[in-house]
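S.K.: The residues making up each chain are set out below.
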Amino acid sequence: MNTRVATGLMLASTIALAACQKKAPEELPPPPTQTATPTPSAPTGPTVGSQQHFTDAVGVANTVVYFDTDQYNIDAEDSAKLQVQGQYFSQYPQLNFTVEGHADERGTREYNLALGERRANAAKNYLVSIGIPANRIRTVSYGKERPVALGSNESAWAQNRRAATVVIN
Amino acid sequence: MKQLFIFATALVAAPLAAQNEDLGQPIQEGGEVETVMEAEDGEGLTFTITDETALEDLGIAIPGFATDADVATPANQNGTAALGKELARVITADLRNNGLFKPTGPDALPQPSFPEINAPNWPTWSNRGAEMLVHGYVRARSDNRLTVGCYLYDMALQQQLVREGWIVEPADWRRAAHKCADLVYSRLTGESPFFDSRIAYIAETGPKDNRTKRLAIMDSDGANHRFITTGRSTALTPRYSPDYKKLSYLSYVDGNPRIYVYDIGTGRQTLVTQSDNPTFAPRWSPDGRYILYSMAVNGNTDIYRVPSTGGTPQRLTDAPGIDIGGSYSPDGSRIVFESDRSGGQQCYVMNSDGSNPRRISFFGGRCATPEWSPRGDQIAFTNSSSFNVGVMTPSGGSVRILTRGWQDEAPTWAPNGRIIQFFRTERNSGKAGLWQVDLTGENERRLPTPVDGSDPAWGPILP
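Residue numbers (numbering that gives the first Met the number 0), protein chains in the order written: chain A, 0 to 168; chain B, 0 to 462.
Everything labelled a hint here was simulated from the structure, so no lab data went into it. Being a predicted model, the structure only gives us computed values, none of them experimental. A virtual CB, placed ideally from N, CA and C, is assigned to each residue, including glycine. It is possible that part of the hints are untrue.
Stretches of chain B that chain A covers, calculated by requiring three or more beta carbons in the stretch to come under 8 Å of a beta carbon on chain A [as the list claims (entries may be wrong)]:
| hint | stretch |
| --- | --- |
| 1 | 378 to 386 |
| 2 | 394 to 402 |
| 3 | 406 to 413 |
If you anchor each label on the Cβ, the simulated ranges turn out as follows [to be verified]:
| hint | chain 1 | residue 1 | chain 2 | residue 2 | range |
| --- | --- | --- | --- | --- | --- |
| 4 | A | P132 | B | N209 | 30 to 36 Å |
| 5 | A | A79 | B | Q313 | 39 to 45 Å |
| 6 | A | A79 | B | D208 | 25 to 31 Å |
| 7 | A | V127 | B | A318 | 21 to 27 Å |
| 8 | B | R445 | A | Q90 | 52 to 58 Å |
| 9 | B | S384 | A | V59 | 31 to 37 Å |
| 10 | B | S394 | A | R135 | 47 to 53 Å |
| 11 | A | S78 | B | N297 | 14 to 20 Å |
| 12 | A | Q90 | B | P447 | 21 to 27 Å |
| 13 | A | G130 | B | P462 | 56 to 62 Å |
| 14 | A | V127 | B | N255 | 17 to 23 Å |
If you want a taste of the chain B side facing chain A, the calculated C-beta under 10 Å gives, among others [unchecked claim]:
| hint | residue |
| --- | --- |
| 15 | A222 |
| 16 | N276 |
| 17 | D322 |
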């Protein structure tokens, strides 16, 4: 019993220490990672926990994965992007984040909400499979409510069928 | 004598929970409408209409309703005589806008006197191209309410075909006009009424990538328009409860898509189910006892049923894939829903406990948003391959496509199952509007709304 309590206390203080130790470097420029695009952050640059910091670190193209019509499978290109994201979130284990699922306008509204949820979960499940704890990842579907490309053509629709990762501030 | 009541709702001031922060002020909904028969000579209502030609060729003269005494009424600042003309205008618009008749309104007709309502001055109305004549009156009662009488006459027979009267609160004067239009429509077509009903929908403003979407309601003709939500959060896919006391709809008010049940009387809302999972696609059972909703768990969406008074949800579908929506048959025994378990969206029918699901759509395109007709004989759906609205039988036969827009979706039935309302989205701009089409597919019209509109849901005949 006593041993257990002691172990528990030790663990707790270790975690507390770890938390303190993790906090400190946040004030410093983030160490460049191997996969990061070369965007050196000035001391006044984006702070860890901001979307800008995430985007600068992984490259904006790696923050979004795209899907074929009605599909939600993670292909090779998607998994390469998600691995870059995974490295970032492994490096900053204090960060929680959201995967937003979206659909193009050529679907009925309710189906698209469910489809967006399925896409967000596909991206989340991949991130979990490479070691990011599920409880750090929130998913939300916007269906066809938040397009990034505004045309009504194949190119616009392809840009809107996406799962976008955003960091919660 | 049938008495119909809508209980006036008390406005309850209550502290707003976070989930209520998108809601506007509570709205006061209706008073009672009492049906009365003014006279006792009720025999002789068995005439059939003399004209067997198509209804759209049937001329109907609708002069202003008479009043026994032109007195002040809260329903019209110019008094009951002016209100009588307004009543006739509303009836004329109802009967014209659905493409079934050729009505002539009060602005092009002489005004009958009060005694003539019971005994039309036939020579005045002949030679006006009208086979039918509507007369009516409005009278202010001592209790401030209004009595409105409505009479339909066959010009050739010079006989009364039907008549009815209603006592309404001044604020509900349009309901009396809709009831008169329903009386005329039902008598001449043999169909059930539908004008005295309401529509819930989503009012849209703003650019395509940042649309403001507000829950709104209005009468079946677009009047008495009211916003329920402020637009701070996106609102989608409303449905009226069968008794019109509640609205279920999707809101992002807490950042996630969730179904809420909004109480029109109190202006407060609750989650349809206590869960962290996203919920979509609310639907009421015809008796109002259950609400269907669809919930995604780890990306897999299934349909659930929960008592509308709260309780334990029951999962109705368990196939891998997206099972969503759902629409009860009028007797409540079956549910038509949409599923992509076969690869793409298709329509399925199951028993209302979830048993015996079977696919009914095999027309070659994708089948989405099925809605069972209140008559039970048809299912409306979106062909989500071509984005048109169609109908089929409950077994999936006799598929007919009724619309031809660039993107038409989300059919909802008029209470009598003769007209389908849907929304049409324009290519590129993304602007959306509410449209109606009848079952022939020939009579299509846009329902005017103050701003763009989508996700219409037509309620039943008002209680």
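S.K.: When you take the CB atoms of A79(A) and D208(B), is the distance between them in 25 to 31 Å?
M.R.: Holds - the Cβ-Cβ distance for A79(A) and D208(B), about 28 Å, lies within 25 to 31 Å.
S.K.: Within the stretch 378 to 386 of chain B, is the number of residues with a Cβ closer than 8 Å to a Cβ of chain A three or more?
M.R.: As far as the stretch 378 to 386 of chain B goes, the hint holds, because 3 residues have Cβ atoms under 8 Å from chain A.
S.K.: Report holds or violated for the interface hint on D322(B), using the least CB-CB distance to chain A and a cut-off of 10 Å.
M.R.: Hint on D322(B): holds, closest Cβ of chain A at ~9 Å, below 10 Å.
S.K.: Using the beta carbons of G130(A) and P462(B), state whether their distance is inside 56 to 62 Å or not.
M.R.: 58 Å, holds
S.K.: Let's test the interface hint: is any C-beta of chain A closer than 10 Å to that of N276(B)?
M.R.: Result: holds, 9 Å to nearest chain A Cβ.
S.K.: Given a hinted range of 39 to 45 Å, is it respected by the beta-carbon distance of A79(A) and Q313(B)?
M.R.: 43 Å, holds
S.K.: Could you tell me whether the CB distance from S394(B) to R135(A) stays inside 47 to 53 Å?
M.R.: 49 Å, holds
S.K.: Is it true that S78(A) and N297(B) lie within 14 to 20 Å of each other by Cβ?
M.R.: 19 Å, holds
S.K.: Please verify the coverage claim for the stretch 394 to 402 of chain B: does it have three or more residues whose C-beta sits within 8 Å of some C-beta in chain A?
M.R.: violated (count 0)
S.K.: Holds or violated: the 21 to 27 Å window for the beta-carbon distance between V127(A) and A318(B)?
M.R.: Holds, since V127(A) and A318(B) (Cβ atoms, about 24 Å apart) stay within the stated range.
S.K.: Using the Cβ atoms, figure out if S384(B) sits within 31 to 37 Å of V59(A).
M.R.: With a Cβ separation near 34 Å, S384(B) and V59(A) satisfy 31 to 37 Å, so the hint holds.
S.K.: Test coverage of the stretch 406 to 413 of chain B by chain A using CB-CB distances below 8 Å; three residues minimum.
M.R.: This one holds; 3 residues, not fewer than the three required, reach chain A with a Cβ under 8 Å.
Taken one by one, the earlier hints fail for this structure at numbers 2, 12 and 15, listed in ascending order.
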